[in-house]
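For reference, the chains in residue letters:
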Amino acid sequence: MSNLDIFREEVRAWLAENCPPSMRTPMGNDEDVVWGGRKAKYENPEARLWLDRMGAKGWTAPTWPKEYGGGGLTKEEAAVLGQELGRIDARPALASFGLWMLGPVLLEYGTEEQKKEHLPPIVRGEIRWCQGYSEPGAGSDLAGLQTRAVLEGEDYVINGQKVWTSYADKADAIFCLVRTDTSTKHEGISFLLIDMDQPGVTTKPIKLISGNSPFCETFLDDARTPARNLIGRLNGGWEIAKKLLQHERTNISAGGFGAGGRAAALEELAKEYLGTDRGEIADAVKRDQVVRHKMLERAFAQTLKRMSAETKAGEVSPASSIIKYVAAEMNKDRMELLVEIMGLQALGWSGDYFSKQGLATTRAMLRSKANSIEGGTTEVNLNVIAKRVLGLRDHQ
Amino acid sequence: MGLVLDEEQTILKDSAKAFFADQAPVTAFRKLRDEKDETGFSRELWRAMAEMGWAGIVIPEAYGGLEYGFQGLALVLEEQGRTLAASPLVSTVLLGAGTLMEAGSEAQKSALLPKIAEGSLLLTVAIDEGHHFNPAQTAFEAKSDSDGFILTGEKTFVLDGHVADKIIVLARTSGNKGDREGLTLFLVEGTAEGLTRERLKMLDSRNAALLMFDQVKVTGDAVIGAIGGGYDALESVLDRAAIGLAAEMLGSASAVFEMTLDYLKERRQFGQLIGSFQSLQHRAADMFTQLELSKSIVMTAATALDESSNEISSLASLAKAFVGETSNKVTREGIQMHGGIGMTDEHDVGLYLKRSRVAEHTFGSAAYHRDRYARLNDY
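From first to last, the protein sequence lines are chains F and S.
Letter by letter, the first sequence follows residues 9 to 404 of my numbering.
Letter by letter, the second sequence follows residues 121 to 499 of my numbering.
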């Protein structure tokens, strides 16, 4: 038996013992996602238990080094862990911007002290982080951000406003891009960690067209943070920001946009809602639209595979530049097509008359409009392809 | 190849690229057209391609071929498409040799495949009877008589049909138009008595012919595969042909994209390079995106052929439809972005558009293949 097989046996045994029964059932809705943090409330005590056990093992961050609370696993071992979790349909023990975004930045740019201070609480889900990037005047032109941080004694004092801060109202702390030099654009930005439990930080949820409020405005009025919370070099924040954005774009696209959970197949819904004629989707025009979409999905899936094969072979993959663009537009089209297929059933807002699936589709269609805005708009993505990949010049 | 070329495939692709750039650049094709060459391709070029081994690239070694596989053939076709090189690779190798390999008897294979591999035999398959590809709708009749069969009727858009040494004809031996059963494949001499061949002048200046059969007699030996089982045999051949043609279209569309991108980087208007205008940049980025997606599909489909995947038919329709639409879009945009010069006969981009439109329709249009994909996947 290879070491990996032995490891698999161990994982299997540990999971059998430690993954509570209710954590092996599908999640009902967004409320079931465990984000951790100081303000977390656990309706189901087993969710808390599952997080504590996985956190103690470091398996919420399987490949992070043990000295920072991580699992210390190799990539291969982490893959085995993932497979075994999938085998028992285990819910993710922890969803966290700390794990997905801040952690990788700290591992690359943080000092030893910063890693020791911040990584272990992320792994154990004791702190919930949010990301402070966009500002009212700095969206696609992110480097135009104006939030000022000035060093006063031992602390930075921060003034300004962030927007589109995901779940800021539920977060404990924020990693933030701030301006530390006003004489230059990209070179005057720094990356700061700020605790939100202080009078200088207030948040206000933004209600979206879908009726949900996953985003907030975040106001910083003489907020303070110790100078040791500067990550990377002073005025070196843009490099970190770019890296993080790249990470975010791949995460968004590879994770798949979508209605959440396992999306029902387009062709099945088309048959259900439009009827069939000799086994085929009865509406010939919509059938053709479904095929077009399925073909694009397949082309996209094969391109993702090609991209990873090229990367593995050590080649620079030009295909990677198109991923976010295609994924965003494809999902928006999918949702519009779904609404066409389901008709008015997918245009209800609330009430018993509408099916759960219909109402979820309405909201998901509205939510999908953000796909081509968040994490870099479609237009910015096309600019990137045109300039960096195709070598076209800026307008003079 | 999978989704990344291995070393051997990279060498093949590079040598094919260099070969066509050197021996069959677009100027060579333009010359064939302008001189109204009746053969429609250069026999010398075909001999050189056979010497490279490409005429026999998918033919088993036992029959004198390289047995290198369809991924290799797809790479050669892509490079052929890049320079619009005219050759009988599609008619003779994809269709002709493909049909023999799929359904031919031992005697037929031993007699013909080695000649194809050495480049001395031109073969084609006659399928179409109308303006839209639809082999199941075949009505062309073969009547059995005491010595064999008698063929009467018309076949159209037969690739290289006017110069092929032998023609494989799809004909109905039983059943009705629209039935998949009852179709049979016959091997007919190009010079057979009662056969009249007329080269059709297509906008891409490539070879398509109208074949008129008037009581053409063939013996029982001329049947390829099972009597009445021609459609099933041909369907696999046509899957390979669709994937091969998708590879050729990918090469042509990539060439159009590259020449367009070059033009965006050199043409100045309003004191600016036109490539600095965002409306053109975004459309260029979109073409690039479609081409990258198309490339993934062609590689997937060609690999599936060599791995005898059970998804071949589905991938063939995906490739033909998706790459066909990409090629349509890129050629349209290619002309638009070149502006007036793109409308002139002197510029190459028009030649690519003409070739693309014919290739898009050959072996079934995008609409045909979307419908087929839907049927195959039970939509």
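Derived from the structure by calculation, the hints contain no laboratory data.
Hints should not be assumed to be uniformly reliable.
[Stated by the list, open to error] With a cut-off of at most 30 Å between alpha-carbon atoms, the simulated DSS-like pairs for lysine-lysine come out as follows:
#1 S:Lys286 - F:Lys193
#2 F:Lys215 - F:Lys123
#3 S:Lys286 - F:Lys395
#4 F:Lys250 - F:Lys320
#5 F:Lys395 - S:Lys385
#6 F:Lys250 - S:Lys385
#7 F:Lys320 - S:Lys133
#8 F:Lys178 - F:Lys47
#9 F:Lys302 - F:Lys313
#10 S:Lys449 - F:Lys294
#11 S:Lys449 - S:Lys385
#12 S:Lys474 - F:Lys302
#13 F:Lys49 - F:Lys65
#14 F:Lys212 - F:Lys340
#15 F:Lys340 - S:Lys286
#16 F:Lys83 - F:Lys320
#17 F:Lys377 - S:Lys449
#18 F:Lys313 - S:Lys449
#19 S:Lys133 - F:Lys395
#20 F:Lys294 - F:Lys320
#21 S:Lys337 - S:Lys229
#22 S:Lys133 - F:Lys313
#23 S:Lys137 - F:Lys313
#24 S:Lys137 - F:Lys320
#25 F:Lys65 - F:Lys251
#26 S:Lys474 - S:Lys286
#27 S:Lys297 - F:Lys294
#28 F:Lys251 - F:Lys193
#29 S:Lys449 - F:Lys302
#30 S:Lys137 - F:Lys395
#31 S:Lys229 - S:Lys156
#32 F:Lys251 - F:Lys178
#33 F:Lys320 - F:Lys377
These numbers come from a predicted model, not from an experiment.
A quick look at each hint next to the structure:
Distance hint between S:Lys286 and F:Lys193 is unfulfilled; the C-alpha atoms sit about 72 Å from each other, more than 30 Å. Annotation: proposed proximity of F:Lys215 to F:Lys123 is violated, straight-line Cα distance about 35 Å (limit 30 Å). Distance restraint check for S:Lys286 and F:Lys395: the Cα-Cα separation of roughly 52 Å exceeds the 30 Å cut-off, and the hinted pair is therefore not satisfied. Between the alpha carbons of F:Lys250 and F:Lys320 the distance comes to roughly 22 Å, so the proposed pair stays at or under 30 Å and holds.
Note on F:Lys395 and S:Lys385: the hinted pairing holds, with a Cα-Cα distance of about 12 Å set against a maximum of 30 Å. Of the pairs offered as hints, the one joining F:Lys250 and S:Lys385 holds, with about 28 Å between alpha carbons and a cut-off of 30 Å not exceeded. Simply put, F:Lys320 and S:Lys133 have alpha-carbon atoms about 21 Å apart, close enough for the 30 Å limit, and the pair holds. About 7 Å separates the Cα atoms of F:Lys178 and F:Lys47, which keeps this hinted pair within 30 Å; it holds.
Taking the CA atoms of F:Lys302 and F:Lys313, the gap is near 17 Å; set against the 30 Å cutoff, the hint holds. For the proposed pair S:Lys449 and F:Lys294, the alpha carbon gap of about 22 Å is at most 30 Å, so the pair holds. Annotation: proposed proximity of S:Lys449 to S:Lys385 holds, straight-line Cα distance about 20 Å (limit 30 Å). Between S:Lys474 and F:Lys302 the CA atoms are separated by roughly 29 Å; this keeps the pair inside 30 Å, and the hint holds.
The suggested pairing of F:Lys49 with F:Lys65 holds, with an alpha-carbon distance near 22 Å, which does not exceed 30 Å. Only pairs whose Cα atoms come within 30 Å are accepted, and F:Lys212 paired with F:Lys340 is accepted, the gap being roughly 28 Å. Of the supplied pair hints, the one linking F:Lys340 and S:Lys286 is violated, its CA atoms being roughly 52 Å apart against a limit of 30 Å. Restraint check: the Cα-Cα separation between F:Lys83 and F:Lys320 comes to about 14 Å, which is no more than 30 Å; the hinted pair holds.
Only pairs whose Cα atoms come within 30 Å are accepted, and F:Lys377 paired with S:Lys449 is accepted, the gap being roughly 26 Å. In summary, the hint linking F:Lys313 to S:Lys449 is supported, as the alpha carbons are separated by about 25 Å, within the 30 Å threshold. Note on S:Lys133 and F:Lys395: the hinted pairing holds, with a Cα-Cα distance of about 28 Å set against a maximum of 30 Å. Only pairs whose Cα atoms come within 30 Å are accepted, and F:Lys294 paired with F:Lys320 is rejected, the gap being roughly 39 Å.
Note on S:Lys337 and S:Lys229: the hinted pairing holds, with a Cα-Cα distance of about 22 Å set against a maximum of 30 Å. Distance check on the hinted pair: S:Lys133 and F:Lys313 sit about 21 Å apart at the alpha-carbon level, within 30 Å; holds. Distance check on the hinted pair: S:Lys137 and F:Lys313 sit about 26 Å apart at the alpha-carbon level, within 30 Å; holds. Using a Cα cut-off of 30 Å, the hinted pair S:Lys137 and F:Lys320 holds, with the two alpha carbons roughly 26 Å apart.
Our distance criterion of 30 Å between C-alpha atoms is met by F:Lys65 and F:Lys251, whose separation comes to about 28 Å. A distance of roughly 28 Å separates the Cα atoms of S:Lys474 and S:Lys286; the hinted pair therefore holds under the 30 Å criterion. At most 30 Å may separate the alpha-carbon atoms for a hinted pair to count; S:Lys297 and F:Lys294 meet this at roughly 28 Å. For the hint linking F:Lys251 to F:Lys193, the alpha-carbon distance of about 18 Å falls within 30 Å, and the restraint holds.
For the suggested pair S:Lys449 and F:Lys302, the alpha carbons sit about 19 Å apart, so the restraint of at most 30 Å is met. For a cut-off of 30 Å, the pair hint linking S:Lys137 to F:Lys395 stands: about 27 Å separates their Cα positions. This hinted pair does not check out: S:Lys229 and S:Lys156 have alpha carbons roughly 35 Å apart, beyond 30 Å. With a C-alpha separation of about 25 Å, the suggested pairing of F:Lys251 with F:Lys178 holds against the 30 Å cut-off.
At roughly 33 Å between alpha-carbon atoms, F:Lys320 and F:Lys377 are farther apart than 30 Å, so this suggested pair is violated.
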